[in-house]
Amino acid sequence: MISLELYNYWVVIFLMMAGFYTLIVSNHLIKKIVGLNIFQTSVFMLYISMGKVAGGTAPIAAEGIETYSNPLPHVLILTAIVVGIATTSLALALVIRIKESYGTVQENEILELDHISDTGPQA
Amino acid sequence: MSSINLLIDIVLLTMLVFTTIAIVRSRSLFAIVMLSGIYSLLSANIFIILDAVDVAFTEAAVGAGISTVLMLATIGITGYEQKKRRTISWIAPMVVVVITGAVLVYGTLDMPAFTDPSAPIHQHVAPRYINDSPTEVGIPNMVTSVLASYRGYDTMGEVIVVFAAMIGVFSLIGIREKKSEPIHAEPPARPILQVMAKFMIPFIILFALYVQFHGDFGPGGGFQAGVIFSVAIILYTLTFSQQDAMKLVPPWVLKRLASIGVLIYGGTGVVSMLKGGNFLDYSVLAHDPIHGQHYGILIIEFGVGLTVACAMMLIFFAFISRGDKNP
Amino acid sequence: MTFIIDALSWVCLMMGCFLGISGAVGIFKFDEFYSRVHAASVTDTLCVFFIMAGLVLQSGFTLVSVKLIFAVVLLWLTSPVASHALIRSAYHTGLKPKLKTSRKESAKRGQS
Amino acid sequence: MISEHIPALQVVVPLLAAPICFMILNNRMAWLFATLVSWLSFAMAIMLVMEVKDGTVLRYEFGGWAPPWGIEYSVDILNAYVLLIVSGIAAVVFPYSWKSIQKEIPESHYRIYFTAMLLCLAGLLGMTITGDAFNLFVLLEISSLSSYTLISLGRDRRALTASFQYLIMGTIGATFILIGIGLLYALTGTLNMADLAVRIPPLEGSRTLEAAFAFLIVGFGLKLAMFPLHLWLPNAYAFAPSAVSAFIGSTATKVAIYALLRFLFTIFGTKFSFDYMQVHWLLMPLAVVSIMFASIVAVFQDGIKRLLAYSSVAQIGYMLLGISLVNVTGLTGTLLHLFNHALMKGGLFLTLGAVAYQIGNTRVKSVAGLGQAMPFTMGAFVVGALSLIGVPLTVGFISKWYLILATLEKGYWPLTVLILISSLIAVVYTWRIIETAYFQDRPADAPPVSEAPLSLLIPAWTLIAANLYFGINSSLSTELASSAATMLFGGNL
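Quick note, the sequences are listed as chains A, B, C and D, same order. In terms of my numbering, the first sequence opens at residue 1 and continues consecutively. In terms of my numbering, the second sequence opens at residue 1 and continues consecutively. In terms of my numbering, the third sequence opens at residue 1 and continues consecutively. In terms of my numbering, the fourth sequence opens at residue 1 and continues consecutively.
Errors might be hidden in some of the hints.
Quick partial rundown of chain D residues pointing at chain B, CB under 7 angstroms, derived from the structure [stated by the list, open to error]: (1) G64; (2) W65; (3) A211.
Which bits of chain B does chain A cover? Going by a derived footprint, with three or more residues having C-beta under 8 angstroms, they are [said to hold, decoys possible]: (4) 199-213; (5) 275-281.
Source of the hints: derived by calculation from the structure; they are not laboratory data. C-beta atoms are modelled at their ideal positions from N, C-alpha and C, and glycine is treated no differently.
Throw the hints in and build the complete structure from the sequences for me.
Structural data, given as structure tokens:
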């Protein structure tokens with residue numbers, strides 16, 4: 001029952017997990033965001049893969065076409081892409097502020113600085 | 001799926017895999033950001049192969065365009081290189097990722113085969129969109145009719161998300177207005193770029209308008225148009241200067257317009273409510289439901305375009321104005 | 001007639017592909033930034049032209065062709081400018097081109 | 001005519017008020033406007049509760065498209081109850097904000113603050129009321145993005161890292177939820193919750209369904225700060241501005257728990273979630289660990305806000321414990337604790353806001369001697385702390401009582417002991433603060449302090465008084481919670 005019929009999903013899952021891995025393991029905040037983007041984009045591909053119909057065309061009504069791919073995943077993913085860019089821009093803005101107030105964007109250094117201020121006086 | 005499409009699909013997926021591996025392994029942030037732009041472009045191609053033209057359009061404009069620009073602006077501030085770090089254990093993350101991936105693969109085992117037309121996903125809700133939307137809503141692009149009418153409320157949420165991101169960016173790094181004279185009195189001249197930009201910008205804006213108002217018939221719509229429009233201004237900012245661009249489209253105007261765009265969308269819903277329909281029920285906007293749908297979709301797409309264009313420009317200005325401070 | 005058009009379009013497509021691939025090879029072969037950009041940008045322009053021409057021949061006298069021609073014109077304008085911008089910013093950030101001169105030339109220069 | 005639109009207006013009014021608020025130039029006007037909107041949505045929530053109290057379900061079709069093609073709002077007793085909590089807290093926090101943010105946020109950011117608060121409110125209300133799985137994701141992102149913004153407004157630079165960490169973990173959670181919804185959609189072809197509930201039971205045994213279930217649990221687990229996924233919460237609550245801590249701390253995780261309940265009980269159904277997937281054997285140990293671990297960590301905190309944040313993680317453990325008991329009494333306990341915890345944490349964070357307004361920080365050491373200097377503020381804190389411990393006549397007692405009853409009903413007496421022990425730990429960590437405030441003198445070199453202004457005290461005392469009122473006269477909350485719990489288990493009202 002395991003066949004190549006699902007190859008598209010599996011490749012997409014691999015990409016998704018590579019993005020997820022980058023997101024978790026990276027020490028640099030911007031690389032984390034890139035990982036997040038890859039993770040999300042792969043999820044979008046998962047959705048779009050589910051919407052594809054063999055022999056279908058893009059869901060724009062035209063003369064002489066019988067089969068269309070499913071438009072609903074497209075709509076959902078349009079929304080999700082917008083959510084993705086919104087999150088990315090907010091995250092990048094946060095990174096800029098973090099750089100300005102900590103002087104670094106390496107997670108371990110930020111944690112060290114936080115540790116110092118945890119033990120020092122608190123605002 | 002025809003064999004040529006299959007072939008293209010497999011080639012693109014392979015390229016995606018290589019790009020991803022390169023991103024995971026690379027240390028140079030600049031390379032990582034550019035590769036992530038490439039990743040977006042490749043995935044946009046995949047979306048085209050899988051018939052999602054609207055999505056491909058958006059992904060190319062957003063993932064490869066705006067988000068790469070914003071990331072470049074950010075690494076311009078934070079620096080291009082990652083420092084060597086002490087060795088952090090990669091085992092725990094790897095275990096988490098492998099388990100997650102395994103659960104997903106396990107989940108796909110019972111899914112219908114890729115592109116199977118008899119899959120349940122194509123049976124229940126989707127047929128009505130495909131069969132009836134051209135007559136019920138009256139426009140050929142089913143994605144637009146689902147987006148703007150059947151699931152119009154989601155799209156309103158999407159506009160609000162963009163608005164919320166704009167608020168967030170604005171709160172974090174607001175736009176720095178430079179009152180004093182710029183330090184570099186005369187920026188190095190870039191005649192070729194400036195002439196070309198002047199030539200291109202009208203075309204870009206024309207294209208944005210086309211995408212905005214042609215979204216009912218072809219791929220496109222308010223969101224894509226908004227992004228393209230903002231790209232025109234971004235190009236102007238990059239080739240001339242931020243002061244010039246902000247004289248052209250002052251931030252305080254953009255702020256108002258972004259809010260107004262949301263209100264146009266919501267206002268359409270409120271008007272349809274006052275006219276006796278439900279929220280966002282465009283059928284009551286005109287005597288004929290089909291005409292009502294047409295007007296409704298046109299108006300809300302305009303609202304979407306307005307908010308997205310203004311929000312993107314504002315976000316871009318905010319990022320750029322931070323960059324100049326610490327070069 | 002259709003055969004001739006088909007054949008022509010295939011020739012165009014093949015030429016385009018050849019140029020595209022040679023540009024890619026150039027990027028890998030050359031060892032220095034400016035030569036690499038040169039390889040990519042020079043082949044790119046004609047590659048785009050040939051591929052688009054092949055596609056225009058395929059699609060015939062339709063709206064699609066008009067759009068394709070628009071795309072070619074815009075790409076012709078933008079892609080050299082993009083290469084220019086790339087090189088310009090590389091130069092301004094301080095990347096100096098490697099100006100290696102061969103022994104013969106330097107010998108000549110020494111004589112004169 | 002307007003009454004039939006109330007389910008839509010409940011969310012649309014704050015949603016559209018946000019851009020209007022952003023356009024108002026005068027800060028004070030923006031505040032008055034936002035406060036008015038929050039009261040309006042509280043009024044609408046009360047009206048909704050009145051309408052669905054007898055078990056009717058209100059449905060609202062957006063765009064006039066019948067579900068499952070269009071998006072639907074459906075209000076039953078459970079989400080009306082959660083709407084009441086969220087909008088009630090908002091109706092208290094909004095008026096409080098004006099004074100509180102004056103010392104914590106630069107004046108240029110007031111409008112942004114109120115706009116983001118309105119967006120957050122609208123997003124949370126929308127997540128609660130919606131009957132469409134994907135719409136839930138969109139509204140979740142609205143509330144999340146605005147709460148990242150709100151948290152980053154904190155004065156300390158650690159607010160930025162806290163916000164970033166929350167953003168990363170929250171987005172992972174949202175993406176997991178997106179995957180789960182996608183798998184469900186692939187299986188059933190629908191996104192409507194009621195429709196999903198009909199179509200899922202026959203699919204029992206499908207691996208895709210199991211994977212979707214796992215992703216949704218983890219996704220919501222991240223959002224509601226379930227034990228090993230709680231890492232974002234302490235810093236986020238500790239460094240956010242006081243009013244934001246009060247609002248987000250008492251609503252955001254509650255709404256995530258509501259969403260989890262909705263998926264577990266309504267969409268997947270009790271049969272699949274508990275008989276087939278046995279999810280309570282996952283939730284129970286996590287709940288136990290989080291109650292013990294977070295309570296103990298709370299004892300050793302220096303900052304009161306962070307102490308309360310860890311206590312929140314423990315309280316979330318109680319709620320999960322109630323779910324994992326899989327009986328009506330336990331679930332009633334969970335739902336009551338949603339309500340009661342919102343009241344007590346809201347009240348406590350608001351009193352802390354008053355402390356921060358007067359003395360500038362909220363470390364345990366700094367409150368020394370405040371029992372005499374700020375009697376009303378610290379009095380409110382004491383009542384809130386008693387409620388947190390679960391002393392009779394406060395709301396904390398009611399929900400713990402139900403949880404204990406439920407554990408006894410099941411015969412799990414070690415859990416009963418656990419609840420009692422953790423209450424004792426709560427005594428320890430709240431006593432530290434009370435002792436410092438009442439039995440230590442204010443250091444001689446510290447500047448004199450006076451009582452907090454009334455505009456801070458009145459909202460804080462409103463919530464604290466609600467703690468007492470619903471602790472003595474608990475009929476309203478108990479009635480709603482128990483009928484919602486009965487409904488979730490599929491019983492008749």
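These are the hints, each one checked on the structure:
no.	hint	verdict
1	G64	4 angstroms, holds
2	W65	5 angstroms, holds
3	A211	2 angstroms, holds
4	199-213	violated (count 0)
5	275-281	violated (count 0)
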